[in-house]
Amino acid sequence: MNLYGIRALYLSELSRMWRTLFQSIASPVISTSLYFIVFGAAIGSRMQEIDGVSYGAFIIPGLIMLMLLNESISNASFGIYMPKFTGTIYEVLSAPLSPVEIVVGYVGAAATKSVLLGILILLTARLFVDYEILHPVWMFGFLVLTAVTFSLFGFIIGVWADGFEKLQIVPMMIVTPLAFLGGSFYSISMLPPMWQTITLFNPVVYLISGFRWSFYGVADVHIGVSLGMTLVFLTICLAIVWVIFRTGYKLKP
Amino acid sequence: MEPVISVKGLNKTYSSGFQALKHIDLTIHRGEIFALLGPNGAGKTTLISIICGIVNASQGEVTVAGYDIVRDYRKARSTIGLVPQELTSNMFDTVLATVHLSRGLFGKAPDKAHIERVLRELSLWNKRNDKIMNLSGGMKRRVLIAKALAHEPDVLFLDEPTAGVDVELRRDMWNMVRRLREQGVTIILTTHYIEEAEEMADRIGVINRGEIVLVEDKAALMRKLGTKQLSIQLQEPLTQLPASLAKYGVQLVQDGHAVVYTFDAQCEHTGLADLLRALGEEGLEVKDLHSSQSSLEDIFVGLVHDEVRPETSAGAQLDIQSGGRA
Numbered sequence: 001m002n003l004y005g006i007r008a009l010y011l012s013e014l015s016r017m018w019r020t021l022f023q024s025i026a027s028p029v030i031s032t033s034l035y036f037i038v039f040g041a042a043i044g045s046r047m048q049e050i051d052g053v054s055y056g057a058f059i060i061p062g063l064i065m066l067m068l069l070n071e072s073i074s075n076a077s078f079g080i081y082m083p084k085f086t087g088t089i090y091e092v093l094s095a096p097l098s099p100v101e102i103v104v105g106y107v108g109a110a111a112t113k114s115v116l117l118g119i120l121i122l123l124t125a126r127l128f129v130d131y132e133i134l135h136p137v138w139m140f141g142f143l144v145l146t147a148v149t150f151s152l153f154g155f156i157i158g159v160w161a162d163g164f165e166k167l168q169i170v171p172m173m174i175v176t177p178l179a180f181l182g183g184s185f186y187s188i189s190m191l192p193p194m195w196q197t198i199t200l201f202n203p204v205v206y207l208i209s210g211f212r213w214s215f216y217g218v219a220d221v222h223i224g225v226s227l228g229m230t231l232v233f234l235t236i237c238l239a240i241v242w243v244i245f246r247t248g249y250k251l252k253p
Numbered sequence: 001m002e003p004v005i006s007v008k009g010l011n012k013t014y015s016s017g018f019q020a021l022k023h024i025d026l027t028i029h030r031g032e033i034f035a036l037l038g039p040n041g042a043g044k045t046t047l048i049s050i051i052c053g054i055v056n057a058s059q060g061e062v063t064v065a066g067y068d069i070v071r072d073y074r075k076a077r078s079t080i081g082l083v084p085q086e087l088t089s090n091m092f093d094t095v096l097a098t099v100h101l102s103r104g105l106f107g108k109a110p111d112k113a114h115i116e117r118v119l120r121e122l123s124l125w126n127k128r129n130d131k132i133m134n135l136s137g138g139m140k141r142r143v144l145i146a147k148a149l150a151h152e153p154d155v156l157f158l159d160e161p162t163a164g165v166d167v168e169l170r171r172d173m174w175n176m177v178r179r180l181r182e183q184g185v186t187i188i189l190t191t192h193y194i195e196e197a198e199e200m201a202d203r204i205g206v207i208n209r210g211e212i213v214l215v216e217d218k219a220a221l222m223r224k225l226g227t228k229q230l231s232i233q234l235q236e237p238l239t240q241l242p243a244s245l246a247k248y249g250v251q252l253v254q255d256g257h258a259v260v261y262t263f264d265a266q267c268e269h270t271g272l273a274d275l276l277r278a279l280g281e282e283g284l285e286v287k288d289l290h291s292s293q294s295s296l297e298d299i300f301v302g303l304v305h306d307e308v309r310p311e312t313s314a315g316a317q318l319d320i321q322s323g324g325r326a
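So the protein sequences, as listed, match chains A and B.
Every letter in the first sequence is one number past the one before it in the working numbering, and letter 68, counting from 1, is 68.
Every letter in the second sequence is one number past the one before it in the working numbering, and letter 65, counting from 1, is 65.
Read the hints as simulated data drawn from the structure, not as lab findings.
Please note: incorrect hints may appear among the correct ones.
Stated by the list, open to error - Quick list of in silico lysine-lysine cross-link-like pairs, BS3-like style, CA-CA up to 27 angstroms: (1) B:K75 - A:K84; (2) B:K218 - B:K22; (3) A:K252 - B:K218; (4) B:K22 - A:K250.
What the hints assert, rightly or not - A few chain B positions that, by computed beta-carbon distances, are all more than 10 angstroms from chain A: (5) S15; (6) Y193; (7) E198; (8) T239; (9) Y261; (10) L279.
Just so it is clear, CB atoms sit at the ideal spot from N, CA and C, and this is done for glycine as well.
Only chain A is shown next, with the shape it has when bound in the complex (with noise of 0.2 angstroms):
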């Protein structure tokens, strides 16, 4: 195992985050505000509680989870699009490096920032309303669960895409929406029982209702189903990264 290259590539992914500190950390750090701003404190004030917790609480999760999932994958995707686009990618690919030490530098770092980011609104969050985190440890466990799969989508979209746009357009038109209609601002439950059952299909509305449960005991679907779907998840990901290297499809021609 080549543990000083593994090293080496993850240090240097995670260094471009200081580099773009504003860009990586304060931007997503300043919307989430707002919309505690928007929705915790102007709209939740108004609003009834959802399952015995405030409004402003109520959103925390699904908040970190949006941000979570936009981040890991604009990350990820960067990360392995940039060395495509510029031609650095060759050094890596040249070096005795194995397609999963390559994933783990590459993936590892956008997680990594992903799981910082997470931490860092959930201290922000509390500037502005209460909260409790009934099962901190499941808690850690699906930010860095999440973190990891989506990062691992985010470096497929990153292999894929040729040209900016599609680098864009996966986290703006499809996951932005899901994660808006996946219970980020409400729960399902209020939903009528048609959309409810649409929303089902819905795979980050699985990630979401796992993260609220380890915050408050409350969720739209059972634990275990959420667990599960996500391992689902990160399996096909997993599945997806090995034929990419297996064929070198658009890394390797």
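Given chain A, put chain B in place with the hints provided.
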């Protein structure tokens, strides 16, 4: 001589259907400087990219330092350093950071002393904290070389290292390549500057349209370069070569309008005077004289532009004889 790279039956067809390499067989010896010459699009970069693991081969086998580049890719790649043709590096990184990254990627423990040595040798030490985006083109090229040398490779690929580089840097680079060779590093450089191959290489290979058309010692090539030809245009055509001329080994060409005499220009006794005397004795009137010398460039141009003749070493030999630059 011990082979360090062995390429056998290598084919590469890209998904577009373009066949970039056609059955390449090539052996690179340990410690030599090998120049791979070829026009743009000949397959030089594809060949290097396959050996380095950036492009998948369609067929064939490659070993580096005895390790198969697919089965033992870790060991094979650890021994290789690659300086790519394009000036590609992370523009926002500092020189020092990017060179350290390269060493790490190749699985070597950090070694500040080695990195400092490499950077000093390439006159980059003063620029070590500069961002790459702020460097000149020549300096960026040096950074790429430093990155390739960061993990102390045994084999160094330089893909068109002096393309668009000023004279001073070119000299510096040639000196660096020689120093590396003295340290036992095998160097494979691709170029389309013939002058570079003449200056640097121990052996020269010519690749065209995905095929190796010639591999030869530079010294042997240079010996051929020492061969000159004297073409003698005759006033009246000859139907047959007189015996007195035939003994000099001259050949009748152009339907008898000219005779060609091949001689070693470096030889003390070229035989020119005798031949001219013999011509006079035969009563042949000379219309014009023209002497020519083959250069590597002639060989190269002849090889890569001749589409009809089968591209073999024998063909190359022919070309050396017939090539002409006054």
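Hint check:
1. B:K75 - A:K84: holds (25 angstroms)
2. B:K218 - B:K22: holds (24 angstroms)
3. A:K252 - B:K218: violated (34 angstroms)
4. B:K22 - A:K250: Cα-Cα ~23 angstroms, so holds.
5. S15: For S15 of chain B, whose nearest Cβ neighbour in chain A is about 7 angstroms away, the distance does not exceed 10 angstroms, so it is violated.
6. Y193: At roughly 23 angstroms from the nearest Cβ of chain A, Y193 of chain B sits farther out than 10 angstroms, so the non-interface label holds.
7. E198: holds (29 angstroms)
8. T239: holds (60 angstroms)
9. Y261: holds (52 angstroms)
10. L279: holds (61 angstroms)
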